[in-house]
Amino acid sequence: MSRLRGLAAAALAGSLLGSASCRDVRVIRVCADPNNLPFSNEAREGFENRIAALLAADRGARLEYTWWAQRRGFVRNTLQAGACDVVMGVPSGFEPTRTSRPYYRSTYVFAARRDRGARLASLDDPRLRELRIGVQMIGDDFANTPPAHALARRGLVRNVVGFPVYGDYSRPAPLSAIVDAVDRGDVDAAVVWGPAAGYFAKAAQHPLELTPVSPQGDSPALPFVFDISMGVRRGDAGLQAELDDFIGRRRADIDRILDDYGVPRIEGGR
Amino acid sequence: MAAAAAAVLAACQGQTLDTSPPASVRPLNGSLTASDPAQLQTDDGQWVMPAKNYSSTRFSGLNQITTANVSRLGVAWTFSTGMVAGHEAAPLVVGSTMFVVTPFPNIVYAFDLSRPGAPLKWQYDPKPLGASKGVACCDTVNRGAVYADGAIFFNTLDGRTIALDAATGQPRWITPLADINKGESMTMAPLVVKGKVLVGNSGGEFGVRGWLTALDAGSGSIAWRAYSTGPDKDVLIGPSFTPHYDGDRGKDLGMTTWPGEAWRTGGGTVWGWISYDPELNLLYYGTANPGPWNPDQRPGDNKWTAGIFARVPETGEARWFYQTSPHDLFDHDGVNEVVLANLAVDGQQRKVAMRADRNGLFYVLDRATGEVLSAAPFGYVNSNRGVDMKTGRLIEVKEKAPRLGVVVRDICPAAPGMKDWQPMSFSPQTGLVYIPHQNLCEDLETMTTSYIAGTPFVGASVVYKAGPGGNRGVVTAWNPVSAQPAWTIKEHFPVWSGTLVTAGDVLFYGTMDGWFKAVNAKSGEELWRFKCGSGIIGQPVSYRGPDGRQYVAVLAGVGGWAGAIVSADLDPRDATAGNGWGGALADLKDATTRGGMLYVFAIGGGQ
Numbered sequence: 001m002s003r004l005r006g007l008a009a010a011a012l013a014g015s016l017l018g019s020a021s022c023r024d025v026r027v028i029r030v031c032a033d034p035n036n037l038p039f040s041n042e043a044r045e046g047f048e049n050r051i052a053a054l055l056a057a058d059r060g061a062r063l064e065y066t067w068w069a070q071r072r073g074f075v076r077n078t079l080q081a082g083a084c085d086v087v088m089g090v091p092s093g094f095e096p097t098r099t100s101r102p103y104y105r106s107t108y109v110f111a112a113r114r115d116r117g118a119r120l121a122s123l124d125d126p127r128l129r130e131l132r133i134g135v136q137m138i139g140d141d142f143a144n145t146p147p148a149h150a151l152a153r154r155g156l157v158r159n160v161v162g163f164p165v166y167g168d169y170s171r172p173a174p175l176s177a178i179v180d181a182v183d184r185g186d187v188d189a190a191v192v193w194g195p196a197a198g199y200f201a202k203a204a205q206h207p208l209e210l211t212p213v214s215p216q217g218d219s220p221a222l223p224f225v226f227d228i229s230m231g232v233r234r235g236d237a238g239l240q241a242e243l244d245d246f247i248g249r250r251r252a253d254i255d256r257i258l259d260d261y262g263v264p265r266i267e268g269g270r
Numbered sequence: 001m002a003a004a005a006a007a008v009l010a011a012c013q014g015q016t017l018d019t020s021p022p023a024s025v026r027p028l029n030g031s032l033t034a035s036d037p038a039q040l041q042t043d044d045g046q047w048v049m050p051a052k053n054y055s056s057t058r059f060s061g062l063n064q065i066t067t068a069n070v071s072r073l074g075v076a077w078t079f080s081t082g083m084v085a086g087h088e089a090a091p092l093v094v095g096s097t098m099f100v101v102t103p104f105p106n107i108v109y110a111f112d113l114s115r116p117g118a119p120l121k122w123q124y125d126p127k128p129l130g131a132s133k134g135v136a137c138c139d140t141v142n143r144g145a146v147y148a149d150g151a152i153f154f155n156t157l158d159g160r161t162i163a164l165d166a167a168t169g170q171p172r173w174i175t176p177l178a179d180i181n182k183g184e185s186m187t188m189a190p191l192v193v194k195g196k197v198l199v200g201n202s203g204g205e206f207g208v209r210g211w212l213t214a215l216d217a218g219s220g221s222i223a224w225r226a227y228s229t230g231p232d233k234d235v236l237i238g239p240s241f242t243p244h245y246d247g248d249r250g251k252d253l254g255m256t257t258w259p260g261e262a263w264r265t266g267g268g269t270v271w272g273w274i275s276y277d278p279e280l281n282l283l284y285y286g287t288a289n290p291g292p293w294n295p296d297q298r299p300g301d302n303k304w305t306a307g308i309f310a311r312v313p314e315t316g317e318a319r320w321f322y323q324t325s326p327h328d329l330f331d332h333d334g335v336n337e338v339v340l341a342n343l344a345v346d347g348q349q350r351k352v353a354m355r356a357d358r359n360g361l362f363y364v365l366d367r368a369t370g371e372v373l374s375a376a377p378f379g380y381v382n383s384n385r386g387v388d389m390k391t392g393r394l395i396e397v398k399e400k401a402p403r404l405g406v407v408v409r410d411i412c413p414a415a416p417g418m419k420d421w422q423p424m425s426f427s428p429q430t431g432l433v434y435i436p437h438q439n440l441c442e443d444l445e446t447m448t449t450s451y452i453a454g455t456p457f458v459g460a461s462v463v464y465k466a467g468p469g470g471n472r473g474v475v476t477a478w479n480p481v482s483a484q485p486a487w488t489i490k491e492h493f494p495v496w497s498g499t500l501v502t503a504g505d506v507l508f509y510g511t512m513d514g515w516f517k518a519v520n521a522k523s524g525e526e527l528w529r530f531k532c533g534s535g536i537i538g539q540p541v542s543y544r545g546p547d548g549r550q551y552v553a554v555l556a557g558v559g560g561w562a563g564a565i566v567s568a569d570l571d572p573r574d575a576t577a578g579n580g581w582g583g584a585l586a587d588l589k590d591a592t593t594r595g596g597m598l599y600v601f602a603i604g605g606g607q
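For the protein sequence lines, the chains are A and B, in the order given.
For the first sequence, position 27 (counting from the first letter as 1) is numbered 27 according to this note's numbering, and the numbering increases by one without interruption.
For the second sequence, position 54 (counting from the first letter as 1) is numbered 54 according to this note's numbering, and the numbering increases by one without interruption.
Quick caveat, the hints were computed from the structure, so don't treat them as lab data.
Think of the CB as a built atom: it goes at the ideal place given N, C-alpha and C, for glycine as much as any other residue.
Hints are not guaranteed to be accurate.
Have a look at the derived ranges for each label pair, beta carbon to beta carbon [to be verified]:
| no. | chain 1 | residue 1 | chain 2 | residue 2 | range |
| --- | --- | --- | --- | --- | --- |
| 1 | B | Gly470 | A | Glu42 | 46 to 52 Å |
| 2 | A | Arg154 | B | Thr391 | 26 to 32 Å |
| 3 | B | Asp590 | A | Ala241 | 33 to 39 Å |
| 4 | B | Lys127 | A | Arg114 | 45 to 51 Å |
| 5 | A | Arg129 | B | Thr391 | 28 to 34 Å |
Please put together the full structure from these sequences, using the hints given.
In C-alpha cells, the structure reads:
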C-alpha cells in the first residue's frame, strides 16, 4: 500500500529529527476493543495497549486507536474498512488477516482455588465428572470454544456451567465473570484462555492455581495452545515485515509486559 | 369487535368476501381516531400490522388489481430511506398515512398519502446505540411496526420498545427491554392484542435466554414476561398448561431437558411472528433454536426452544406447546409465522394453525390443542422423515446428524431451513398458502478450531449450496388440506421476501436480485414484473388510497442474513462468510447492490 510506504518514509524522517511534534510524524493506527481487559481498553490499560505503545515508541510513531467491540464484524469494520492498520492479538495464520511472526504462545488453563485443592491438569481427570466446571460457550456455526468441545466429547455436559463468551459488556472487565465464579466458589474449576486467567487470578480474593490444560490438543483440529501474532490487512506485506522485525528485536521487553499481566506462556511459540 | 372477529373467521372458512368494508371501518380519510387493532385488521383499505390481520394471512380483500389488469401496474411514487442494511419491514397504512420503519438506525417515516407524491409528515430517529450492531447476528434488520390506539409501536436494535403518537411522531413512552451487553437485540415487529404490546428478543447466537414480553400499550410498563427456558414459573407454565403430547408434560421441563444449567444460556429467542385467535383467546408464536448451535453441548430435548407456544394474552400463561425440532441439530429456529384458518380436514371443519417450518415440513396443527393433523415436506428434505403421528416427534435421519470431527455432506435443508422468517400468505379464495422459501443444502463440520481471546473471531464450518435442481429459491403454492403443492415457481436466488395475495387472485413477491413480481394465484403464471433498484427482502402490502385506488407497496433493499454478503460487503471468495451464505450467494454481488427504497405501485402508475 503506497500510503503506508509514505508513512514509513515519514516515520524515518520523524525519527531522524527526533521530534514528536514534527508534522510529518508517523501514526500507527491500532484496531482494538475499548473494553476487553486484560487485552485492551479505552484507558489503554491492557497488555496489548502496552505492547502497542512499545511498538509506537520503537518506531518513533504516534499511536492512534479505532475502538470497536471484538464481536462479529470487528475485523470487517476496523481493519478491512481501512480505519486502522494493526490488530494486536490474533491467532497466527488467522485467515481474514496477514499475521506477523508469533510474539507469544499461550494455552487454556484450569483455574481452581488453592484452598479447595482441585488441582486439575488433565481433561481426562475422573474428578471432572463430579466437579462443577465453568467453560466459555459460544453458539456460532456449530463451532465452540475448544474446551467446550473437549468436555462434550467426553460426555461432560451435565456439570458444566456455561458462561457467555462476551460476558456482560456493561461491566469494566466483561471477561472476568468466569474467573470470578471460581474465586467465589460458584464453580469448582474453570477452563479459561491463559491470558484472561492469569490476569484475573492476580485480582482474586483467594489464591488461584492455574495449570495448563493437557493434552495440549485433542486432535489437530482442536488445540488448546495457540501462537499469537499481530494481524494486518492481507496485502500489507510491508507492515508485516516491520512488525516481524519489532517482535524479533524487542522480545525481552514484550516478555516483561506479558509477565506483568501474568500471561501463562508455553515455550516454542517463536 | 365480535362482528369483526366473525368476519375474519368467515374469511378463513373460504366464504366469498364482501370487499367493501363495513361503514364503521371505512378508510379514515386522514383521521387517526379508530384505535382497536381487532377492528382495524378487517378493513382492507388499511394495513395496520405486518401480517395484515391477527390470523396472519397477508391476504388483502381489495380486488381492483386483477389478473386481467395487473400488467398495467406502474410506479406511483417512491422514497429512498437512505439506509444500506437489509430492509425487511412491511409498510403500514392507517387512514391516509403510511408508516415505514427502517433497519438500524430504525428511523420511522410517516407519509401523507392524501397529497401528491406522498410527502413526509414527520420522521422519528430513536438514535439506537451503535454497539447494538455488534450483537446483530445477521444484518441489522427490522421487521416492522404495528399500529393501535393512535400509536405506532416498534422495536429498536438496541433493545427498546417505543410508542410514537401516530399523528405527530412524538414519543409516548420508551421502554428498554433487551440488554445488548448480554448479546440481546430486538428485530421483530410487535403485535398489539387487548391493549398489550407483545415483543420478544433476538440473539440466540450470543448465549442469551429467550423471552416474550407484554407491555401495557398505554404506559409501556411490563405486564408479564414468559421465558423460553427455565423453571415453569419463569416460562409461565401453570395448571392450565395442557399440551397434546406426553413428551411435553412434566414439571420444569425447561430445566430438566437441559444439562446442568445450560438453560440459562439456552437461546429460544422470540424474533419472529405472533398470531392471535380472538375466539379461543390464544396467542401463537415460535421460539428460536437452542444455544449453542453445537448439539453435543446440550443433550436432551432443550425445551421450550424450536417450537410453538399458545398463550393467553392477559396473563401470558401457556396453554400448549409443540416442539417442531426437539434437541435441534441444525439451527432450525421455530420462529416462522403461524397462519390461522378454518379448514376441512378429513371432512371435518377444524380450527387450524399452519406453519411452514425451517425443518422442511408444512405443519397443520389443531390450534386449540397443538395436535399435529399433518406434516409434509414442501421441498427436498433428507434430514428428517416427517413426524411420528403418535408421539408428535420429528423422525431424524441419523446419517445426517452432526458428528464431531466429521464433515457431514448434503444435509437438506440447510441451517436457514426450507423457509426462514420470510412470511407466507393464505388466500381464503383459492384455499392455497403461498410460501416464499429456499432450496438449499449444506455441508457441516461440527468441530472448528476457535481461538477465543474472550471473544470470538468466528471460525466457520458451514457451507450452503443449491439443493436439487440447482435453483436456490422457490415460491410454492401449497394446498394445506391435501398436503400437496398446487404449483411452484423456481427462482435463481432464495426468495427472502414475504408474499402478499389479494382478492384479485394476484400474488406478489420480490426476488433478491430486485424483481418485484405479480403472478396468478391460481396457476402461478407470471403476469407482471418490475425491476427495483436493489434486491427485495421486504414484505409487500396492499391498501386503498384516499383517492379510492388500490395500491401495492414494498421496500427494496437487499440484506438480511441471506443478503449480508451485499449489504455488509462480505468477501464472496470466503464460502463461509455470513454464516455459510458466502458460497451459496457468491454471485449476488454481481446481480444487485444495496440501498433502501420504498416502491408504491398502482394501475396506470402515478397518473
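Here is how each hint holds up against the structure:
Roughly 50 Å separates the CB atoms of Gly470(B) and Glu42(A), a value that falls within the hinted 46 to 52 Å. Checking the proposed 26 to 32 Å range against Arg154(A) and Thr391(B) shows it holds: the Cβ atoms sit about 31 Å from each other. Separated by about 35 Å at the C-beta atoms, Asp590(B) and Ala241(A) satisfy the suggested range of 33 to 39 Å. At about 49 Å, the beta-carbon gap between Lys127(B) and Arg114(A) stays in the expected band of 45 to 51 Å.
At roughly 32 Å, the beta-carbon separation of Arg129(A) and Thr391(B) lies within the given 28 to 34 Å, and the hint holds.
In this structure, none of the earlier numbered hints is contradicted; all agree with it.
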